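Participant: Sequence:
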Amino acid sequence: MLRQYWRMAVAERLNFDVATLRTEEGLLFGAAADDGGASGRSRVRIRLSHWDEGKLATWSATAKTRHPEARNPAVGSDLYLGYGPLTAAGNTALKKPPAIAAGEHANLSLAYVEDEQSAQKLPTAGSDIATALYLMHLYGTLGGRSRNGWGSFFLQPQNGTAALEGKVPTRLWKEALQEDWPHAIGKDAQGALIWQTRPFDNWQQLVLELAKLKIGLRTQFRFTTGKNAPRTEDRHWLSYPITNHSVKDWGNNARLPNSLRFKARPAPGAPGKLVGVVFHMPCLPPPAFRPDVAAIASVWQRVHAFLDDPQHGLNRILA
9 MLRQYWRMAV AERLNFDVAT LRTEEGLLFG AAADDGGASG RSRVRIRLSH
59 WDEGKLATWS ATAKTRHPEA RNPAVGSDLY LGYGPLTAAG NTALKKPPAI
109 AAGEHANLSL AYVEDEQSAQ KLPTAGSDIA TALYLMHLYG TLGGRSRNGW
159 GSFFLQPQNG TAALEGKVPT RLWKEALQED WPHAIGKDAQ GALIWQTRPF
209 DNWQQLVLEL AKLKIGLRTQ FRFTTGKNAP RTEDRHWLSY PITNHSVKDW
259 GNNARLPNSL RFKARPAPGA PGKLVGVVFH MPCLPPPAFR PDVAAIASVW
309 QRVHAFLDDP QHGLNRILA
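Count along the sequence shown from 1, then add 8; that gives the number in our numbering.
Be aware that one or more of the hints could be misleading.
Unchecked claim - Below, computed lysine to aspartate or glutamate pairings styled on EDC-like, alpha-carbon distance capped at 16 Å: (1) Lys235 <-> Glu20; (2) Lys235 <-> Asp257; (3) Lys195 <-> Glu20; (4) Lys281 <-> Asp196; (5) Lys72 <-> Glu217; (6) Lys129 <-> Glu33; (7) Lys220 <-> Asp300; (8) Lys195 <-> Asp209; (9) Lys281 <-> Asp300; (10) Lys256 <-> Glu241; (11) Lys281 <-> Glu183; (12) Lys182 <-> Asp300; (13) Lys63 <-> Glu112; (14) Lys175 <-> Glu20; (15) Lys104 <-> Glu61; (16) Lys195 <-> Asp300; (17) Lys220 <-> Glu77.
Stated by the list, open to error - FRET-style restraints, in silico, Cβ to Cβ: (18) Arg74 <-> Lys129: 51 to 59 Å; (19) Thr132 <-> Gln198: 38 to 46 Å; (20) Asn99 <-> Gln125: 51 to 59 Å.
Calculated directly from the structure, the hints in this document are not laboratory data. Model, not experiment: these values are computed from the prediction. Each residue gets a CB set at the ideal place from its N, CA and C atoms; glycine is no exception.
I would like the entire structure built from these sequences, with the hints used as guidance.
Facilitator: Rendered as structure tokens:
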């Protein structure tokens, strides 16, 4: 994850050039010389205070919400956003217990080893890592179904560590579709494509709200085909695969992750409460999907309009 958000932190400085980025990433985080190139150890050292096994052995299902396309229209909000780590065999349950429970914490220590050579080749390494940590704090999630908000965490500086701060990289979202990797938060004429829910008393209530949002923004795109479709439809460009709606040319094993992501955060100014953050990191699907840029742009424009609609209770935020 640190590398992922480091790439986001440096992408604009490196003019979004993947070859240059990989070279600098190898110098900082290490690289194996499996292609005849240079190799080296990582200059970043990471330590976690403990690696205790999770304490959540059983699962208590959350409230259900309506899904207009489901055979049984009342679906569990937790299962809808967490299918995979959660299973639906009988009652909703953890697939591989125990899991890390809400509220768990550990101390993360990070060091950067600098010498004369690295100081010349990586003069901004320290500030780049600091920005990456700031972005992890704002947007990072861990584990299965993390793009749906599971595994949300926040970083709290300890023992005199400087406050987390930095600039959130943004890019006009249609320009971001020139790259096929996540490198910035999208923006439009209204600002960054980041939305926030109202505060909730607990994560269960927040999961219900996020499930309603995701069901709504997905089902606004209605299918006219089923399995093994001869052509792509708008909804296929959100993420793939989709249950009962495969595309013949893509098959069943292709994977297109959703570039719209969720995060749970402590509610600003409301101790003990949580808000949900919805943010878009637009990028073009890989070449194997033969992406239709015009169709993709049209789909995401409708998603942004859905999230901006006042009836959905979201507000744009700066970061």
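Participant: A separate judgement is required for each hint: does it hold in the structure or not?
Facilitator: Hint-by-hint comparison with the structure:
Note on Lys235 and Glu20: the hinted pairing is violated, with a Cα-Cα distance of about 40 Å set against a maximum of 16 Å. For the hint linking Lys235 to Asp257, the alpha-carbon distance of about 12 Å falls within 16 Å, and the restraint holds. Proximity of Lys195 to Glu20 is assessed by CA-CA distance (about 15 Å); at most 16 Å being required, the pair is judged to hold. With a C-alpha separation of about 30 Å, the suggested pairing of Lys281 with Asp196 is violated against the 16 Å cut-off.
For the hint pairing Lys72 with Glu217, the CA-to-CA distance comes to about 10 Å; that is within 16 Å, so the pair holds. This hinted pair checks out: Lys129 and Glu33 have alpha carbons roughly 11 Å apart, not beyond 16 Å. Of the pairs offered as hints, the one joining Lys220 and Asp300 is violated, with about 28 Å between alpha carbons and a cut-off of 16 Å exceeded. For the proposed pair Lys195 and Asp209, the alpha carbon gap of about 30 Å is over 16 Å, so the pair is violated.
A C-alpha spacing of about 41 Å is found between Lys281 and Asp300, which places the hinted pair above 16 Å, so the restraint is violated. The hinted pair formed by Lys256 and Glu241 meets the criterion: a straight-line CA distance of about 12 Å does not exceed 16 Å. Of the pairs offered as hints, the one joining Lys281 and Glu183 is violated, with about 36 Å between alpha carbons and a cut-off of 16 Å exceeded. At roughly 13 Å between alpha-carbon atoms, Lys182 and Asp300 fall within 16 Å of each other, so this suggested pair holds.
Annotation: proposed proximity of Lys63 to Glu112 holds, straight-line Cα distance about 9 Å (limit 16 Å). Distance check on the hinted pair: Lys175 and Glu20 sit about 12 Å apart at the alpha-carbon level, within 16 Å; holds. Taking the CA atoms of Lys104 and Glu61, the gap is near 12 Å; set against the 16 Å cutoff, the hint holds. Our distance criterion of 16 Å between C-alpha atoms is broken by Lys195 and Asp300, whose separation comes to about 21 Å.
Annotation: proposed proximity of Lys220 to Glu77 holds, straight-line Cα distance about 13 Å (limit 16 Å). Between Arg74 and Lys129 the beta carbon distance is about 56 Å. The supplied range of 51 to 59 Å therefore holds. Taken as a hint, the range 38 to 46 Å is violated for the pair Thr132 and Gln198, whose Cβ atoms sit roughly 31 Å apart. Under the hint 51 to 59 Å, the C-beta atoms of Asn99 and Gln125, about 58 Å apart, fit the expected range.
In summary, the structure is inconsistent with hints 1, 4, 7, 8, 9, 11, 16, 19 from the numbered list given earlier, while agreeing with the others.
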